[in-house]
Every structure is written in C-alpha cells, then in structure tokens.
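*Asks:* Using the hints, position chain B against chain A.
Number of protein chains: 2
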Amino acid sequence: MVKLENSKLSESVSNKNITTSLSDCVVNLDHGDPTAYEEYWRKIGDRCTVTIHGCDLMSYFSDVTNLCWFLEPELADAIKELHSAVGNAATEDRYIVVGTGSTQLCQAAVHALSSLAGTHPVSVVAAAPFYSTYVEETTYVRSGLYKWEGDAWGFDKKGPYIELVTSPNNPDGTIRETVVNRPDDDEAKVIHDFAYYWPHYTPITRRQDHDIMLFTFSKITGHAGSRIGWALVKDKAVAKKMVEYIIVNSIGVSKESQIRTAKILKVLKETCTSESESENFFKYGREMMKNRWEKLLEVVKESDVFTLPKYPEAFCNYFEKSLESYPAFAWLGTKEETDLVSELRRQKVMTRAGERCGSDKKHVRVSMLSREDVFNVFLERLANMKLIKSN
Amino acid sequence: MVKLENSKLSESVSNKNITTSLSDCVVNLDHGDPTAYEEYWRKIGDRCTVTIHGCDLMSYFSDVTNLCWFLEPELADAIKELHSAVGNAATEDRYIVVGTGSTQLCQAAVHALSSLAGTHPVSVVAAAPFYSTYVEETTYVRSGLYKWEGDAWGFDKKGPYIELVTSPNNPDGTIRETVVNRPDDDEAKVIHDFAYYWPHYTPITRRQDHDIMLFTFSKITGHAGSRIGWALVKDKAVAKKMVEYIIVNSIGVSKESQIRTAKILKVLKETCTSESESENFFKYGREMMKNRWEKLLEVVKESDVFTLPKYPEAFCNYFEKSLESYPAFAWLGTKEETDLVSELRRQKVMTRAGERCGSDKKHVRVSMLSREDVFNVFLERLANMKLIKSN
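Those protein sequence lines, which keep their order, are chains A and B. Going letter by letter, the first sequence gives residues 645 to 1035 in my numbering. Going letter by letter, the second sequence gives residues 645 to 1035 in my numbering.
Rather than coming from a laboratory, the hints here were simulated on the basis of the structure. None of these values were measured; they are calculated from a predicted model. Some hints could be false.
Under the rule of at most 30 Å between Cα atoms (straight-line distance), these lysine-lysine pairs were calculated in the DSS-like manner [stated by the list, open to error]: (1) B:Lys907 x A:Lys880; (2) B:Lys927 x B:Lys965; (3) A:Lys1005 x A:Lys791; (4) B:Lys791 x A:Lys801; (5) A:Lys884 x B:Lys954; (6) A:Lys802 x B:Lys791; (7) B:Lys992 x B:Lys965; (8) B:Lys1005 x A:Lys687; (9) A:Lys884 x B:Lys992; (10) A:Lys965 x A:Lys939; (11) B:Lys1005 x A:Lys791.
Here are some chain A residues the structure puts well away from chain B; computed CB gaps all over 12 Å [to be verified]: (12) Thr679; (13) Thr735; (14) Ile740; (15) Ala772; (16) Arg820; (17) Lys899; (18) Glu900; (19) Phe950; (20) Asn961; (21) Leu967; (22) Glu968.
Just so you know, even glycine gets a beta-carbon here, dropped at the ideal spot from N, CA and C.
Chain A extracted, bound-state conformation (with noise of 0.2 Å):
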C-alpha cells in the first residue's frame, strides 16, 4: 500500500490548534493548507456571504443540458469570467468539468486518457521535482488502464503515456512545460496543472489554451475546505469520459461548495480591477506573498547553509509590469550532506521530503501559505537551526 500523504497530518499539530501557546508547538507545513487567505475574507465582510435554503440544491442535476449535468451554470458562468478577466487561460470552445478538488478531477483526466488509449496500462510521468501526491493518485487503486513511471526526466518507454506539468511547479515554483516531447505521436498527452497559474504566485504571460487544463479553488483564495476545482478540456470524448469517472466516483460534486464558490470568484472578478489592496484580492496576496518570500530570504542569506531556487522577473499581462514569483512553496534545500526532512522535524517543523517528490534528501517542501504567526514561528526556528552532518 502507498504511503499515504495527508495521513500522518492528524497525528500532529496543525496550524488550526495552534492559538497559545505556539512556541512549544510542532508547525505543520507538510501540507498547503492555504489558510493564509482568512484575514482578507473577514475584512471582505458579507459581500461572499451565501444564505442556503433547506428545499434548496436538493437534485443531483444542475443543468441536464450540459454534458457535466452536475455543474452549477452559474459556477460556469464565474469561471469563465475570472480566466477572462486575469487572462490567464482561454475558456472558448472547451468543456468546463467541475471535480471535488482539482485531485478528483486530475484522477479523472488520467482515467479518462488511458481508457481511451489502445493499449494498457499507460504510462504516467512527471518531471522530478513533482508534486508527490502524483504517485499515491496514480497508484492507491492500483489500476490495470495506467501506471505511474515517475521522472519524465529521461522517460523513454514506448507507447501511450501521458505527461502531467504543473506550471508554475509544486514543488519548486519553476515554470514548466512538457519534458517528454513526441510531438507527432498520437499516443501522447498531457495533463496541465495549472493550480498556482494564478498572478499573485507568478507572472501571467500568456493565455494557456492546451488540451487539458486543471484548476483549484483553494489554492487561489485559500478556500481548501470547498474541494472544488474545475478542468477545462478542448476534446469532447475525453470531457464525457471524466464527467463518467466522477458520476461512478460520486454522482458529482456538492452543489453548497458550487454555489459558495461562484459567488467568491464572482467578487474576486469585480475587485481584481481595484487598485485598492485592501480590495483586489491578487494585489493583497502578491503583497502577502512577497513580504514572506523577502523575510524566507533574508533568513536563508543568514544562513549560509540553505538554498533557494532563483526565479526569473518576466512581464505580468496582468499587472502589467515586470514581476517576481512568489510561489505557494518554499523548495528549501541545503548545502550540507544532511537529512533535511528530519533535520526540520527535530525542529518541530514538518515539511514534506524532497525524496518523495522525486528528488532527494537534502531538499523539502515547505508551505508558504499557513496563518501569519506560524510561517513567524518557522521562520524563527530556521533562523535558528544548526545541521548535522551525515552521510
């Protein structure tokens, strides 16, 4: 059986407990759990506020004309409105899939291209560093239509096989595009996850407009408990074929979590006009973002020990200016022979193990998006920590 990621979150303390006496307490920032974001919801105040009725919501339908039934229009509606208006992603002529979490639908996608594929089981690659959750979704059911293969760094196995990039990069925060490039091979596809593609992570530099395109409600305005995201697909076969995956999967996805996330991206469409910071939701996590990422720095150029990846400025359509990237996590690496995961973990910091995204030991995943205090307290004990050699 997989190790399964999220699992040994129960058996710490996660940011929600910590209130007091945070000092003494383990941070958890393993997981990304976005709960950086609350402070701006409060102060939005009774603008995203949803009121539900009891006969409210009550079918399984939402709109029996669209292939994805169970799809609230209106949350259709939001989607297409924010993508245009951020202009991060082209929503003509492309089917609208809505999952409980972009991990349901990315496992939707991956069941959907290999069941249409000739031959089984078809191979899934990511290029290392990738997001570890790749392996667990692509291995837990131990399914006979396809096979994770790991690093597409060097993948050279023929027949179908299907690439996921995820730009800007979980873990590392790089821009990404295909490794594996068989450009006239029919059995090659590509799943984009496009999670953090978002202009308060990195800068919006084009309109992405491939095949298949993952997006997630919690990791653009922190609303992780909704479990919503939303796939938008250009091929008509492989939509049908991951609405069928999420009927078999769970008859759809909540209509509460749908309606409560059109009406957010709705707000989040007509502030992100505002110049105001207090209002525009991507001005406020830019901000928030770069405050952290300066202080991460300051405390790595302390060091002398740690490492961060460097990212190029390119020019935001959306800001339209030059900009930075801030990603959601930290790619912390070392530069001593050192076990960094349990180094951090002596520490009362958890994060996740470069070796389980594909890479190695001296580098982890840390979550840039806890709550203000906590990110402090790690911050403070990084600034603190002596290596241990090993080898």
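*Replies:* Just chain B now, with coordinates in the frame of chain A:
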C-alpha cells in the same frame, strides 16, 4: 469500459425541466433523484437555512484530533443524535467516516477491506437483484485489489471476499441478510448499505450493529445535491484505510455540505418526536410513500399484466406499531414475456433494466421519489399500456 448508469441522464428530460407540457415529455424514473421531499423542506422554512461567510470553512481540516480529520464535529454529533432518536443503528464504539455520498464510501470500504486482505484480487459480490451501480463502482478503475464476481447466490470461490448487503434492498425493497455465510472465515467481510433503513420506507425492527454500515443523506431527506454519506465502522484499521482512500481520492469532503447536513439532521432529530405530520419528516415521508404505493398498487391490480413484490408487515420500534414497507423503488415485473424497459421507454418512461441489476428483462426498477406530477404521469402511462409479447 463499463456502461455508466447515470451518463444517459443528460440525454433525456429530467424532472427538473418538466414544468409545462409534461404530457409529451420523457419522464425519467431510471435514477433515484429524490425530489419528492422538496415540498416538505419548503414548508419548514428558515429552520434549516444556513449562512456561510466568506472567511468560514477555509481549511482542509475539521478536527485534527479525529482519525477522520475532515469530518466536521457538528456533523458527527448530528449523526449520532439522529441514529439514537430513530433507533436504527448503533453509533457507540465506532468511527464515523464522512464521504462524498455513500458512493464514495462504498468504494472506500471495498478499497480498505481489500487492501487489508492477504491475497488479491478480493471477490466482491451482492445477491441479485442488486444495486446496478455496484457493478460500475467495482469495475471502472480496473483495480487489481478486488474483482466484481456478480451474484452472491451460488458464489463459492475460495479466498477473501466482500459481500455487499443492501437492506432494504435496492432495487426490490426486500429485507436482506448475508447470503454467502462463512462464519468461521476470517477472509469473509460484509459491507451493509443501509441507505433506505429509515422509518418512512420500512419498519425499524432492530438497532443495526454491523462492522461497516453505510448511510446517505440523499435518501433520508432528499438532499442528493449535497453529496454527503457516512460510514459507521467498528474496526480502527478499516476506518483508517477508508480515510486514507478519501484523502487520496478527494482530500476530504465539502465542508459547506457537511455543516448544512448537520443543520438539517438536527432539525430532523428535533422534529422526529412530533405527532404532527407536517412537522415530523418521517411521518410526512411515510404518508407520501403510502399514498404513492397505494396508487401504484391500484394501477398494477387493474392492469393484470404487471407484478410487484409483496412486503410483510413488521413492528416498527420508531412508530411503535406494525407497519408496511414503502420502498424508494418499485421493482416492477410483468407476467408477459417482454422486454419491459423497452416497452416503458416506448411510453416515454425511463426505468432501470432488471438485467443491469443481475435480474431479467421482465423486471425494471422505477423510482418512487420523483416530483408528484412526474409520478402521476408515470401512473397514467402505466395504466394505458398494452404490452407487446416478444420471444
């Protein structure tokens, strides 16, 4: 690829769109969309209204001290209180696992039990006629962990197996117990699906206390759009594996749906001791179902070609009197040698083919939970039907 049972829904007219010219429309009673109860919830007014602010429910986590850390504590409380008030299931010394409908939980349970088994694939069986969706749920990912082996009657394969027991049964409403009985076999596992074990459908004759019991919000109150189900699980290792499955499958379950379900279940519990039919949901539901079943039985009696199962009366501990069963589906049969699903389709009535439930062409499953006007159109068409003999 398996035939997907709900995918064809989008191609026909659903209840939702039937308003004006119902007489010409296709009425879809294939699925069990439980819209029959909307009227009750409309009348109950603001007692079930939930208001959710923009900054609420943002984290992945509901309670990090709970094995099922994505379960909202107020939902756990509401579930326990309702079972206690109705007396249909034991909740003490059990883990509650919440799922995106009992659909996700059934797969989580099959996954958990087979993951923990010594050899693979584990056989999965259900006594015919069975819930046709079980076939899709256990085949669509082509898992190497388990294998659908069909009808439990006559199943004699050696090795580990899981029997799915639905009681009252979907599609035929009968009270079920295990069919493959290997009491001394450690490899014999059972999942009890109690979706319909509520007092509006069937007499509550005992407080169930099996190892794994599944329930769904959809069929109790009709809130199918919320996608909430729960499992009561005795064994910690099984509960843990189920939680792991749900983490990888969808990283938990919509918080919005959970808190709304909690609110509605609490109202259900508060009103379930009331003598008033307009107040007590189970009284209301039972009267509505009684009325529908009496009308259907009348049509069937008049026709002389259709058949329906007979259900024995039993003493209901909840209503404290001897009562009939009024199942959520009618298991309609015909005395003629005919393909009943096609005959009904010709009359623009969509039903589920008996063959898909492991039975024959002479039977279909008909939802009894549609809106009233749709149900009446069905009765009218059934009364006017002339069957064409085949063979």
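*Asks:* Can we confirm that no CB of chain B comes within 12 Å of the CB of A:Glu968?
*Replies:* holds (26 Å)
*Asks:* Take a quick look at A:Asn961 and tell me if its Cβ sits farther than 12 Å from every Cβ on chain B, holds or violated.
*Replies:* holds (27 Å)
*Asks:* For the pair we were handed, B:Lys1005 and A:Lys687, check the Cα-Cα distance against 30 Å.
*Replies:* violated (61 Å)
*Asks:* Does the claim that A:Lys899 lies outside the interface with chain B hold up, using a Cβ gap greater than 12 Å?
*Replies:* violated (4 Å)
*Asks:* Is the nearest Cβ of chain B still more than 12 Å from the Cβ of A:Leu967?
*Replies:* Given a closest Cβ separation of 26 Å, the condition holds.
*Asks:* When you look at the beta carbon of A:Phe950, is every beta carbon of chain B farther off than 12 Å?
*Replies:* holds (27 Å)
*Asks:* Can we trust that A:Glu900 is non-interface, i.e. its beta-carbon lies farther than 12 Å from all of chain B?
*Replies:* Nearest chain B Cβ is 4 Å from A:Glu900, so the label is violated.
*Asks:* Checking one constraint from the list: CA of B:Lys927 to CA of B:Lys965, max 30 Å. Satisfied?
*Replies:* holds (13 Å)
*Asks:* Holds or violated: is the Cβ of A:Ala772 farther than 12 Å from all Cβ atoms of chain B?
*Replies:* holds (20 Å)
*Asks:* Just to be careful, I want the Cα atoms of A:Lys1005 and A:Lys791 compared with a cutoff of 30 Å; is the pair within it?
*Replies:* The hint holds at about 25 Å.
*Asks:* What's the verdict on B:Lys992 and B:Lys965, does the C-alpha distance respect the 30 Å limit or exceed it?
*Replies:* violated (40 Å)
*Asks:* So is A:Ile740 really clear of chain B, every C-beta pair being over 12 Å apart?
*Replies:* It holds; A:Ile740 is separated from chain B by about 14 Å at its closest Cβ, greater than 12 Å.
Hint compliance for this structure: hints 1, 5, 7, 8, 11, 12, 17, 18 are not met, and every other hint is.
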